[in-house]
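**Student:** Using the hints provided, position chain B relative to the given structure of chain A.
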Amino acid sequence: MNTRRTARIGVDIGGTFTDFVFHDEARGITRTGKRLTTPSEPSRAIIEGIERLLSETGSEAAQIHSIVHGTTLITNTVLERTGGKVGLIANAGLTDTLEMGRETRYDVDDLFQRAVPVIVPRYLRRGVAGRMLADGSEREPLDEEALLKEVAFLVDEGIEALAICFMNAYRNPSHERRAEQLVRERFPELLLSVSSSVAPELREYERTNTACVNAYVQPRVHGYLDRLTADLESLGFVGDLSIMLSGGGLTTIEEAKNFPVRLIESGPAAGAMAAAHIARQIGEDHLISFDMGGTTAKMCLIEHGQPHVKHDFEAGRLERFKQGSGLPLKVTVIDMIEIGAGGGSIANVDALGLMKVGPRSASSVPGPVCYGRGGQEPTVTDADLLLGYLNPAFFLGGEMTLQLDAVRDAFERKLVAPLSIDVETAARGVQEIVNESMAAATRMHLAEKGKDPRDYAMLAFGGAGPVHAYGLARLLKVRKLIVPMGAGVISAFGFLVAAPAVDDARGYLAPIGRVDWDQVEALFREMEEKATALLSSVGAGDGAIRFERQADMRYVGQGFEITVPLPNGSLSVDMAPQIQSAFDEEYRRLFDRVVRGVPIEAVNWRLAASVPAQSISLVHAPIDAPAERPAREVYFPGAGRVLARVFDRYALRPGDVIAGPAVFEERESSFAVGPEGSVTVDDQSNLVVSISYPN
Amino acid sequence: MTGKYDAITLEIFWSRLIAVADEAATTLLRTAFSPIVRESNDFATCLLDVHGGTLAECSGGIPAFAGLLGRTARHFLRTFPIDSWSEGDCVITNDPWIGTGHLPDVAMIAPIFHRGRLVAFSGSAAHTPDIGGSLGAQNKEIYEEGICIPPMHFYRGGVRNDDLLRLFLNNVRFPDLMLGDLEAQATANEVCRRRTVDFLDDTGLDDLGDLAAAIQGMSERAMRDAIRALPDGVYRAAVDADGFDDHPTHIACAVTIAGDGMTVDYAGSSKQNGRATNCTMNYTQAYSIYPIKCVLDPHTRRNEGSYRPVSIVAPEGAVMNAVRPSAVAARHLTGHLLSCAIYQALAQVVPDRILADSGGAPALRARIGGVNSEGERFSAILFASAGMGASSRFDGLSTTAFPTNSGAGSLEALEAVGPILFTRKEYRQDSGGAGEFRGGLGQVVEIENLTTQPMQVMIIGDRERHPALGVAGGKPGACAYARIDGVTPVRLKSRTALAPGSRIAINFAGGGGYGDPCKRSALALADDVRNGMVSERAAREDYRGGTAA
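So the sequences go chain by chain: A and B.
Heads up: the first sequence is residues -7 to 687, going by our numbering.
Heads up: the second sequence is residues 839 to 1387, going by our numbering.
Isolated chain A (complex conformation) (with noise of 0.2 Å):
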C-alpha cells in the first residue's frame, strides 16, 4: 500500500450541502462528492464525506496530505443570532456605543423597520474607568479593580464569551492588554475576544462590534473545531488541517479558533479563489467573477490573477439585500457583490401590475417548480426551462426528469392570467428581468470602483451561472466569456488552490508630514514577525512568504480611505514623496482625479502576508462517445427561437470550435450560447466563448 501522503481534499459546509473535493495528482484523481449538512453536528457529516471519498478512490486516511475547509457556520451562527452569551467590558460613559451604531435607517422609505438586533444587551455591557487619549498617552489609570468587579458580575450572569474594546485602544492597547491579562488570571476558563487583537483599527464602534462578534460565534467554534479535530485524528488523519479566511487565504485550527470572525465569509471565498486560479491558468487579466447558484448571485473583480478584497463586511443582515441592516465588522473579505438573483428566484406581479422577480427564493426545498418537489411558484429554473435553455430528459446527468407541464401551469395561475399575456412571452420576461437586474448589480459594483465592465472578461459558473452567462455578458457588452467545466461544483476547487495568508492591521493615524516613521517601521516589524511565525508553522519556508504592505490613507478632513500600496523597503521620512504619489496614482485610478493643497494623511497601516499560490490541473480527458444530441430550440433575446445545436461537453476535445446558437450540457448546469458567439474548448476544457457587437 502506498502511503506517501499525496492527496488534498476541500470540505465546504454550506447551508444545506457538505461539498467535497478530492485530489491526488500524484494518483491522477479527481472526484467530487456531497452529502446534506448535519447543523447540530457539522463534523459527522464531513467524517462520513471523507470516509466515503476515501473508499471510492481506494485510499487511506494516512494518504491525505492536508485537508482545506470552509465553513458558514459563522456566518449562520450571526445571521441566526444562535451565537453565545456574551459580556462587554468598555469605558465608562460609551458603554452603548455598540447597539448605538451608526444612527441611520437603512430604508428611508420604511416608517416600520426594526433596530438591528444588539448582540450584546445594555445589562451586559458594562463601563469600567481608565482612558487612553488619541494620541496613546494616558489620560487615567485603568480601574483595575473596578473591571474585575464588573467581569465577576457577568461571569455570574452567566456569559460564555468576554469581549473588552476601549477607546482609542488601536493606538494604544495597554489598557486592553493589562485588562485581558487580569481576566485570564481570575477567570482562567472565559473566553476573550480583545479589539486590539480581534482588529486594531481606527473607529470605535467597528471594532467593538469586530471584537463582540469574535465572542459571540467562539463558543460553537470552539466546540465545533476541537470535535473535527479529534474526529479527523481517529479516522487516521495525520495531514494538515487548514480553513479558509474571508479573503481567501487559508489559516490554522489555532488561528481559527482566536479569531473565528474573520472566517465569517470562508465560504463564499473559495468561488472567487476557484475564479483567480482559472483566471492565471488562462492568462485572463481583468475578469468578473459571475457565480449564480440557487438564491444569489456574486459577481467579483479578478484582476492579474488576483481578486478584490476589502477590509469591511457587512454580517447577519435583518435584510439580506439591504446594506445597512446588519453589523459592520472590520474583517478582509473578498470584495463582492450579491443579489437575490438564483435559478429558484420566485417571479410574481406586484400591486402596481409589473413583473417582479426574486429576492424570495424557492431554494432548494421545495425548489422550482420543474423539480416536482411541491414548489408552487414559477421561478427562473422554470423559466429557463421553457425557453430551452435546460433539457429535461438530462438535468443533474439525468437523475432528475422535469416536470414541463407543471411549469406551463404555474406560470398560466401566477402570471399570464394577471398579465394577460402568453406563456412564452411570461417565461422570456422572467429570464430578462433577471438578467437586467444582475446587470445593473454588476455595473453598480464596477462602478464604484470607476471601472466599465466592456473592459473585462467573464468567468461564469454556479449552477445557473452558465445558462444566465450569455445574456449577461451581452447586455453588460462584455466580448469574452469563459465558462470552466464543472461549473456546479468549481468552487469546491478554491479550497485546493488557496494558500496560507495573514492579513494584518495596526492603526495609527497622522499626516504623512508627520509620522513617526521609527513606529510605523516597528509595526509593520511585529506585524511581519507574527505572520512569519504562522505561516512558518504552516510550513512555508522563510524565503517563500511574500509581504505586502499598505496604508488606508485619506486627504486630512475627508471622511473615508483608500488603501495604497506602499513602496518596498524600510520606511522613513525619506519615502514620503514616494508614498504621496502612490496615494496620488491610487486616487486618481479610482476617482480620476488628485486634490491639490490638501495634505494626506494614514488611518491604518496593513500587511498582507502570502505564500504562493498551489496550482493544480484539471485536465479532462474527454469521454469516447458522440457530442452531438438533437438540436432544439431556444430562445435568445433579439434573435428569438433558434434552432441550436446540443453537445454533451464530457465528450468535446480541445480544439473543438462551434457558432452559436449551441447549448452545452454537463451534469450540474448548462450553457446555451447564441447566435453572435463563437466557442472555442481550451486545453483545460474550458469554453471560451467571443461575443460579436454591431458597430
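Hints listed in this document are in silico derivations from the structure and should not be mistaken for laboratory results.
Virtual Cβ for every residue (Gly too), placed ideally from N, Cα, C.
Misleading hints may appear alongside valid ones.
What follows is a list of derived Cβ distance ranges for each label pair [claimed, not checked]:
hint	chain 1	residue 1	chain 2	residue 2	range
1	A	Tyr685	B	Asp1063	39 to 47 Å
2	B	Ala1105	A	Tyr685	41 to 49 Å
3	A	Arg178	B	Ser1211	37 to 45 Å
4	A	Glu440	B	Arg912	27 to 35 Å
5	A	Gly630	B	Gly1155	53 to 61 Å
6	B	Asp1048	A	Leu396	32 to 40 Å
7	B	Gly996	A	Leu388	37 to 45 Å
8	B	Arg1004	A	Lys302	53 to 61 Å
9	B	Val1325	A	Arg170	57 to 65 Å
Where chain A lies over chain B, by a calculated footprint (3+ residues, C-beta under 8 Å) [to be verified]:
hint	stretch
10	1067 to 1076
11	1225 to 1232
**Tutor:** Coordinates of chain B only, in the frame set by chain A:
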C-alpha cells in the same frame, strides 16, 4: 398596462432608469470631498424629462431632495427656454429659492441629447464644503450666509465658464475642495447623460417621452389610489417649537383629502422671523411630500407622478414660505417640524400608519472649534441623533434621525482631529416618551476641552421647551438641553466658549410614545428596566399609573 409598454418591458426600462440615477449618485458619492455628503448623505441625483419632471430619482441620499430637482429644472427652463440648451451645457445655482433651500447646497442641471434632439435632463444636488459667509442661526439676511449664484452656465457647450468660477471660488474658504466637488458633481451629471444615451441606444427608443408618461403615470396612479382609499375631510393639527429668541415657531397644518387629491395648507403658521430658521417653499415642499409618501405609498419608486396628487401651500411670508432676503441657513429647524404636524393631522385618519413626533425633528447639530497645542485651528462637527417617534407597531428607534437620515461618525476619528475628549455618549434613561410603544431614546454626549485655551461650541437645535409629542395616548419624549460642567445652561441656538478642562453635555431629545402606556407589555417593560432604558420609578409612575409594575 400603460400605453405601449407591457408589464415586462416597463419593469425592465424603469429599473434601468433608476440604475442610471443610482450610478450618477455612486459617482458623486465616491468622488465628493465634502464629508457632509458622505456622513450625512446630503446629496441627490436624478433623471428628468424634457419638461423638468423627475423620471428616476436615486435610491440613496436625502429622499426629499431628488424630487426638488424637478422644481429647480422647471425654474431653469423659465430662464433658459428649451431651445436655448446645447450639448455640453451645465447650469448651476445655489439660490435657496430655486435649489434645495440653503446656500451650501449646489444644484446642477444638464441637458441630454440623443441623435441631435434634447430628450432629457440630468440633475444633481450636493452639500459643498463651504460657501463663504458666516455660520449659525443668528444671521438675519441671506447676504450674511455666503455667496449666492443665480442660474448660470457652469459649462456652455462643453467649455467651462471660468469667469463664473473665479468669482465663485474667490468667495469661499476652501477653493480647491470646492472646485473638486463642483467637478465631481458635473461628472455625476455626465454619467447620467452617458448612461441614458446607452439606454436609448440599447432599446432603440428615439426619446423618453412615452416612457416618461408611462412611468410617471404609474407612480401618480399608485399615489392617487392610496389617497382615494382615505375618507374625505379636512384634518388639522398644529405643533410648536422653540423658534428663535422670543419667537416660537407655530406650524399649523390642514390636510384636506378630496377624492384622489390631497392638499396640505400651512395657513395660520408663524410669520417668517428675522433669523435663519426660515425656510423656502422648495424645502417645505420636499419635507412635506417625503413623510406623506412614506405613509401613503412607501414602495412605489418616486418621480414627478408621485407629487402631482399632493399640493403643498403656505402663505407668502410664512416661516415655511419665507421671501427674500430672509436668512435660511438653519432652515431645517422649521422644515423638519413639518413631518410632525402632518403626522399629527393624519393620526386622525390613519393612526396605524404614522409616527409620533421624533426628537430629531428638527435635528440638533454642534460644531466645536478652537486651536490645538501646535497653534493650528481645528473644527469638528458632531453628528448624533435624537430618538425617533414610536408607531402603532414598534418602539421608536433610539438615537436615529427622522426625517433626515444623517449618521453618526466615529468619536475616535473626532478625537484624532481635535484636542477634545468624549467622556459620555449614552442613552438618556427615561427620555423616550411612554406609550404602549415607547418613543426612541435620545442620548447625552459629553465633551471635554483638552487644551489650555477656550474652545467655541456652536449649537443649532430646538426642543428645549417643546418636546416631541406622543400619539394616541402616548406621552411626549424628554426635551433637549445642554449644560457646562453640570451647572451652566447653554441655549440650543448659541455660540459658547468652553473653558479649558470644562465639559459640555448635550442632551438630545427623546421621541414621542404611541398608545396608552398602561398597555405596554410587561415583557417589554421588564426588558427596558433590566437594560436601564426605563428607570424603575418611571416604570411604576409612567407606565403603571403608580401601581406596582
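**Student:** Hints numbered earlier in the text: which of these fail when held up against the supplied structure?
**Tutor:** 2, 7, 8, 9 and 10
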